[in-house]
Structures are given as structure tokens and as C-alpha cells.
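Next come the chains, spelled out residue by residue.
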Amino acid sequence: MSSDIETIAIKQAAHVAEKHEEDSKTLFGFWLYLMTDCVLFASLFATYAVLHNNTFGGQSAHQLFSLPYALTETLILLTSSFTCGLAVLAAQSKRKNQVISWLSVTFVLGISFLSMELTEFSRLAASNNSWHRSGFLSSFFTLVGTHGLHITIGLLWMFVMIFRLYKGSIGRTTIRQLTLFSLFWHFLDVIWIFIFTIVYLLGGIGV
Amino acid sequence: MNRPKIVISLHEPSSSYKSYVVGFVLSLICTLSAYVLVVNNLVSKKWGLALIVSTLALMQFITQLTLFLHLGKETKPRLRLLVFSFMVGVVVILVGGSIWIMYNLNYHMLTPSQINNYVKKQDGGI
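Those protein sequence lines, which keep their order, are chains E and L. Numbered by this note's numbering, the letters in the first sequence go through residues 782 to 988 in order. Numbered by this note's numbering, the letters in the second sequence go through residues 393 to 518 in order.
In short, the hints are calculated from the structure, not lab data. There could be a bad hint or two in this list.
Here are the simulated distance ranges between beta carbons [unchecked claim]:
#1 E:L821 <-> L:Y495: 22 to 32 Å
#2 E:Y814 <-> L:L502: 39 to 49 Å
#3 L:I421 <-> E:S893: 17 to 27 Å
#4 E:E803 <-> L:N432: 25 to 35 Å
#5 L:K512 <-> E:L813: 22 to 32 Å
The model shown is predicted, which means the values in this text are computed figures rather than measured ones. Beta carbons: idealized from backbone N, C-alpha and C, even for Gly.
When you get a sec, could you build the whole thing from the sequences and use the hints?
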């Protein structure tokens, strides 16, 4: 009798270990994707670095961008990255309502960030400074726009996760998905550090 | 019965909460100090200011990598760290190489008036 229970326990343990290995493989695969995405962003940064002085007689970064506005965007995204981490922690201790509320906060902050970015884009386009104005603005819109596209995908992903959490309970799949999502969201914040520094701060200095 | 503990995430929750708070505060300090330095123009030399701001960005980058993305906290073999270092290598070659090549190209390319002067000088010399 006791040996039966032991066999079951061993089988269960093996099953858990197998699932765990599967999860860390998924995590590693996602990490590989993030690293290739870094290379994509690096090529856009290189393009920006090369073209940022080619304003074709138009306004330069120093005259076009508002630093307080960019700082607000940065702080919003940084806070959303933090609340996303708190959502993962809440999921690990299986507190469903807490996960939903932290994810919702992250979602609202992400939406505010995206709308600020789009407002800036439309302001630039309205003042005859859209992407076809100069090489500098083409590279700016490509770089920041690609980041905004990633943010949009992240928001969709978050929306689906909040909906599924609302309907179901926190299982292994949920925690795995949430961990992957948090990697993605933190990664976007890391990319934004460089956009803020290179485009806005160094642009403001006029280097 | 000694059933193994189910460990799903790669990091334990107790230390993580602290790491997120510390990461958040450090990132805030880096962002705000860089912003204040630039807006108030606290460093007189342009390139010096650029260097300080870049260093602050790099510090924030490392902070977020270790405290938010938990890089380097995995068990051996550290495949994530390995892939990451290859990525850094590719990025340095890609960005550094592009800037270097394009700078050289600008340097070696003469403007039309410069070319005219050059041709005139050559003709006059003969």
C-alpha cells in the first residue's frame, strides 16, 4: 500500500519536474526572441545616430521635442514596468484579484503612454514635421514608432490576459504567460531608456 | 511524504519584491538626475554632459537588467547570460560600425565648392 503511494508520488514529482523544464525552455525561447528584437532596435538606433543631423533645413531635435513631455512619458512607462513586476509577484502567491488590479494599473499606464506618444506624433505631423520632412524625422518616426507598435502589441496581450484571469483561475499556464509578458514589458522599458537618452536628452543637449 | 516543491518561476518571491522596489527607485533616481542635469545645463561642456547622461542611462540599463529582468540570477549553465552577451556584441558592432563608417564617409566627401577649389588648385599647379 505504502509503496503504491510512493510510486504515485514519484510519478507526480517526475511530472512536475518535466513541466518545470518545459516552462524554463519556453522562457529561454522567449528570451531569444527578445534578444533578436534588441538587434532590430539597434539597427534603428544606428540609423537614427547616422541621420539625426540631416534635418534638410528643418528644425532639429533640440527645437522640436519638449523635454518635460518626454520625462512624463518616461515616468509613466517606468511605473508601469514596476506595477507589471508586482502583478507577477501577486500571481506567484496566487492572489487573483491583486493580479487583476496590478495588471489593470499597468494597462492604464500603458494606454496613457501610447496616447501621449501618438499625440506627439500628430503634433509633429500637424506642424509639417512628419516623416517625409527629412532623414532625421524619418529615422525618428521609425525608431519611436516601432517602440510604440511593440507597446500596442503588449497592450493587446495584457487585455487578453486580464480577460482570461477574470474568467478563470491562476494556474501554471497563467503564471508562465504572465512571466513571459513581464519580460516583454520590462524589455520595452529598457529600450525606452535609450530612446529617452539618445533622442530626447542628447537631442536636447544638441550633440 | 517528501514531495518536491513546485517551483514555476525562476526566482523566489521573497527577494523579488525588494528587488522590484530597489530597481524602481534606482531607475527613478537615474532618470530624474539625467533630466535635471540636461534641463538646467549644469555641466558647461557639451560632450561632458553627454558622457554623464549616457553613463546614467547605462547604469539604469544594468539596474533594470538585474532587478527587473533577473539577468544573471539563473542556475548554470547560464544560457540567458550567454545569449545576452552575444547580443551586446552584435549591437556594439552594428551601431559602432555604422557610426564609424558614416562619419568617415562624411569626412572624405567634399562639398561641391570644395571639389571646385580642389580641381582649380590641381589645374593651376600643372
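Okay, the hints, checked on the actual structure:
Between E:L821 and L:Y495 the beta carbons are some 23 Å apart, a value that agrees with the proposed interval 22 to 32 Å. Roughly 45 Å separates the CB atoms of E:Y814 and L:L502, a value that falls within the hinted 39 to 49 Å. Taken as a hint, the range 17 to 27 Å holds for the pair L:I421 and E:S893, whose Cβ atoms sit roughly 23 Å apart. Range check, E:E803 to L:N432: about 53 Å between beta-carbon atoms, so the 25 to 35 Å window is missed.
A beta carbon spacing of about 58 Å between L:K512 and E:L813 contradicts the range 22 to 32 Å that was offered as a hint.
Hint violations for this structure: numbers 4 and 5, all remaining hints satisfied.
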